[in-house]
Amino acid sequence: MPEQMLLSAIHERQPKIVANEANDRDPKWPLHELMGVEIETEDFAYANEVAEELHDYWTTHHDGSLRNGTEWVTRYPFAGKALTTAINMFFAKRRAYNMSERTSTHIHINMTDENLTLDQFRSLFCLAFIIDPAVFRIADENRKWCSYCCPLTDMSEERLSTLLSSDKKTRIMAAINGDKNEDKYYGFNVVSLRKHGTLEFRHFSCTQDKEQLESWIKLVQEIKKAGISFDNPKVMLEMMNTPD
1 MPEQMLLSAI HERQPKIVAN EANDRDPKWP LHELMGVEIE TEDFAYANEV
51 AEELHDYWTT HHDGSLRNGT EWVTRYPFAG KALTTAINMF FAKRRAYNMS
101 ERTSTHIHIN MTDENLTLDQ FRSLFCLAFI IDPAVFRIAD ENRKWCSYCC
151 PLTDMSEERL STLLSSDKKT RIMAAINGDK NEDKYYGFNV VSLRKHGTLE
201 FRHFSCTQDK EQLESWIKLV QEIKKAGISF DNPKVMLEMM NTPD
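Take the numbering used here: the final residue in the sequence shown is number 244, and no numbers are missing along the way.
Bear in mind the hints are in silico, worked out from the structure with no lab data behind them. Check the hints yourself; a few may be wrong.
[Stated by the list, open to error] Here are the simulated DMTMM-like pairs of lysine to aspartate or glutamate, each with C-alpha atoms no more than 20 Å apart in a straight line:
(1) K93 - D43
(2) K234 - E3
(3) K168 - D154
(4) K225 - D132
(5) K234 - D167
(6) K210 - D140
(7) K210 - D26
(8) K225 - D26
(9) K225 - D119
(10) K81 - E214
(11) K218 - E38
(12) K210 - D56
[As the list claims (entries may be wrong)] So the derived label-pair ranges between C-beta atoms look like this:
(13) T59 - Q4: 28 to 38 Å
(14) M240 - P27: 16 to 26 Å
(15) A134 - S229: 15 to 25 Å
(16) T242 - N68: 42 to 52 Å
(17) P133 - S161: 39 to 49 Å
(18) D56 - K234: 43 to 53 Å
(19) E222 - E141: 32 to 42 Å
(20) A51 - E158: 41 to 51 Å
(21) S161 - T59: 31 to 41 Å
(22) Q208 - S166: 36 to 46 Å
(23) S166 - F91: 41 to 51 Å
(24) E49 - S156: 44 to 54 Å
(25) N68 - E141: 21 to 31 Å
(26) H55 - Q208: 38 to 48 Å
Here a beta-carbon is modelled for each residue, glycine too, at the ideal position from N, C-alpha and C.
Using the sequences and the hints given, assemble the complete structure.
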């Protein structure tokens, strides 16, 4: 049986990520990969003026779940030197904003690679499941207790089984989308595959530290790099099912 490609398994039409053209490689990143970043802030001083300054790299959105909240989102998916520039621009000056238990950072990584197979995605998912507790410890252990960043162990067995073993496109798509009535988001968010063609990592708190954000982005890239290196998820599935 020919390998099933991830895009054909989850999309009626293959998504196109709109990216900027200035994506020269930067050796600081483990992968030359399109990334998206969302940073939630509260009481951001002079937000409108800063938004004008950062216009080419960042957009802003009002976030009603925050107190005087502003969400900063990379204008495009960036890779390489453009990603570095976007981050440098955000942290170029001492921005005045507050962080709280409500604010967080979300990191998206591109999954629209034309040669990416469904089995590679499943290997990546298994790896994410195995290391999920460690990622929370690295990022912010308290994030797992909110309904916007649940651990993968909270996911139903039926949904897990479908994601990892079903060969039926409609079932895979339903498992990617999740239960519309379920008010939980997972730290490793697969719903973003259908919406944006990305995997979203929601584990991270807000930060005022450029190096910390860069370390998180590198972690996400390394997770993808390691996960898709397994063409067959069997090894990872065995690790998932092995008692501690």
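| said: Quick check on a hinted range of 38 to 48 Å for H55 and Q208, using CB atoms only. | reply: Roughly 21 Å apart at Cβ, these two residues miss the hinted range, so it is violated.
| message | Would the hint linking K210 and D140 be met if the CA-CA limit is 20 Å? | response | Distance of about 16 Å is within 20 Å: holds.
| Straight-line alpha-carbon gap K81 to E214, limit 20 Å | Measuring from Cα to Cα gives roughly 13 Å; hence the hint holds.
| query | Is K168 close enough to D154, meaning Cα to Cα at most 20 Å? | reply | violated, 24 Å
| Hint check for N68 and T242 - Cβ pair distance inside 42 to 52 Å | At roughly 47 Å between Cβ atoms, N68 and T242 fall inside 42 to 52 Å, so the hint holds.
| said: With the threshold set at 20 Å, check whether the alpha-carbon distance from K210 to D56 stays at or below it. | reply: Answer holds: K210 to D56 is near 19 Å, not above 20 Å.
| said: Need the status of pair K93, D43: alpha-carbon distance at most 20 Å? | reply: holds, 16 Å
| query | Between K225 and D26, is the straight-line Cα distance small enough, at 20 Å or below? | reply | holds, 16 Å
| Could one say that the CB atoms of T59 and Q4 fall in the range 28 to 38 Å? | holds, 35 Å
| query | Taking 41 to 51 Å as the hint, is the beta-carbon distance of S166 and F91 inside that range? | reply | holds, 43 Å
| Hint check for K234 and D56 - Cβ pair distance inside 43 to 53 Å | holds, 45 Å
| request: With respect to the beta-carbon atoms only, verify the hint that S161 and T59 lie 31 to 41 Å apart. | output: holds, 38 Å
In the structure shown, a violation is registered for the earlier hints numbered 3, 14, 17, 19 and 26, in ascending order.
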